[in-house]
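K.L.:
For reference, the chains in residue letters:
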Amino acid sequence: MGKDVFEQSCALVGLYIESTTNLSRQKDQEMGTKLDIVDLTVIRALQKDARTSFAAIAKSCDVSVDTISKRYKKIENAGIARGTTVLLNPKSFGCDCVASFGIRADFSHIEEIIQFLKKMPDIVFSTQTMGRHSIFAVAIVKNVTKLSQVKEIIKGHPMVREITTSIWVNDILLCPENFDLQTNGEK
Amino acid sequence: MTYSFAPRILTYRQTEKNSLDNIDLYIIETLSKDARTSFRQISKELNVSPDTIIERYNALQEKGIIRGSTIILNPKEIGYNAMAVFMIDVSPVEGSRQGLDSSSILETLIKMRNIIVATKTVGDHDLLAIGVVKNFQHLFAVRNEIVAIPGVKDMEVSFWSEITELSPKYFVI
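In order, the protein sequences belong to chains A and B.
Residues 269 to 455 in the working numbering are what the first sequence lists, from first letter to last.
Residues 480 to 652 in the working numbering are what the second sequence lists, from first letter to last.
For reference, chain A alone in the conformation it holds in the complex (with noise of 0.2 Å):
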């Protein structure tokens, strides 16, 4: 009986403890993005068009231009943007096919077997997942033949245990924009 309690009494304490390190953590968080509405508005245009003067923004928050000048090195000293890009098209550069791997492997050479995709030139993305596969990778390469090289040069890893092959089909659809800053910042 004792036993009991002393075990439902540590369950409690432990879920209280979670609770409230949980709130501690929205709290941080909340700390860390403090981004208002000129902001989120900066983030937006951006994303659809790293280009867009900030003149136009300004004039759309009916700010100075100056302020959005400052708001945008305010995001990216935060770390809250790491820069901008352009987006290319991998089949302008002869690269037709894209692909996706789940790898089953052994749980005590996961990060053996990610140094070695990271050295492989096809290779783009990788990284250790939870659920159904140990390790996601993507690949951009050449054509079906390559990608099969490619899956053949994973297999042979001692390591990998099993490996899928997706090959993703002509009409990738990107939002980048489908996150929901609001909810994040203050307005």
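Incorrect hints may appear among the rest.
[Claimed, not checked] What follows is a set of in silico ranges between Cβ atoms, one per label pair, in the way DEER data are often shown: (1) H377/A <-> N526/B: 26 to 34 Å; (2) D374/A <-> N623/B: 31 to 39 Å; (3) A538/B <-> S376/A: 48 to 56 Å; (4) F615/B <-> F375/A: 34 to 42 Å; (5) E534/B <-> T335/A: 44 to 52 Å; (6) E379/A <-> D530/B: 48 to 56 Å; (7) N345/A <-> S583/B: 24 to 32 Å; (8) S498/B <-> H377/A: 20 to 28 Å; (9) E641/B <-> M427/A: 13 to 21 Å.
By construction, these hints were calculated from the structure, which means they are not laboratory data.
These numbers were taken from a predicted model, which means no experiment stands behind them.
C-beta atoms are modelled at their ideal positions from N, C-alpha and C, and glycine is treated no differently.
For chain A, the structure is supplied; the task is to place chain B on it using the hints.
P.N.:
Coordinates of chain B only, in the frame set by chain A:
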């Protein structure tokens, strides 16, 4: 670190397909490092007129070699702590009965909040979507939302939390 972004996403090179010259390649390389570089600056570095650069840039866009430009966000700073890949199987029978094929599901997917990439795939699954989530509860919410789409038969989820940047750059074709 358990993630990796290979720096050479694409080797910017000349192929029969694109017929790019050195000016084009220089523009592409400069802008992929910082899309806000002024054309005036690029023109100075190359010793050509700013008009040439503007013309070239517009031509690259028209040819579809440059598909656009975007800001690279760090999701952790805006409260997104994990990314997940959803591998979806579509039910063929139910789908055709209701006039729902994978294309219409794909459209629904990309309109969903938090999904940044969606594509049809050939292989293990029918559709693949990549999303960003704030935490576990949020992951479940997103998962339930996808499962609730009519025509979705089965789904596998893998997720990771080692993300440093969020840019469609790595997923574009």
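K.L.:
Next, verify each hint and record whether it holds.
P.N.:
Now for the hints, and whether the structure bears them out:
{"no.": "1", "hint": "H377/A <-> N526/B: 26 to 34 Å", "verdict": "52 Å, violated"}
{"no.": "2", "hint": "D374/A <-> N623/B: 31 to 39 Å", "verdict": "32 Å, holds"}
{"no.": "3", "hint": "A538/B <-> S376/A: 48 to 56 Å", "verdict": "52 Å, holds"}
{"no.": "4", "hint": "F615/B <-> F375/A: 34 to 42 Å", "verdict": "21 Å, violated"}
{"no.": "5", "hint": "E534/B <-> T335/A: 44 to 52 Å", "verdict": "32 Å, violated"}
{"no.": "6", "hint": "E379/A <-> D530/B: 48 to 56 Å", "verdict": "51 Å, holds"}
{"no.": "7", "hint": "N345/A <-> S583/B: 24 to 32 Å", "verdict": "43 Å, violated"}
{"no.": "8", "hint": "S498/B <-> H377/A: 20 to 28 Å", "verdict": "45 Å, violated"}
{"no.": "9", "hint": "E641/B <-> M427/A: 13 to 21 Å", "verdict": "20 Å, holds"}
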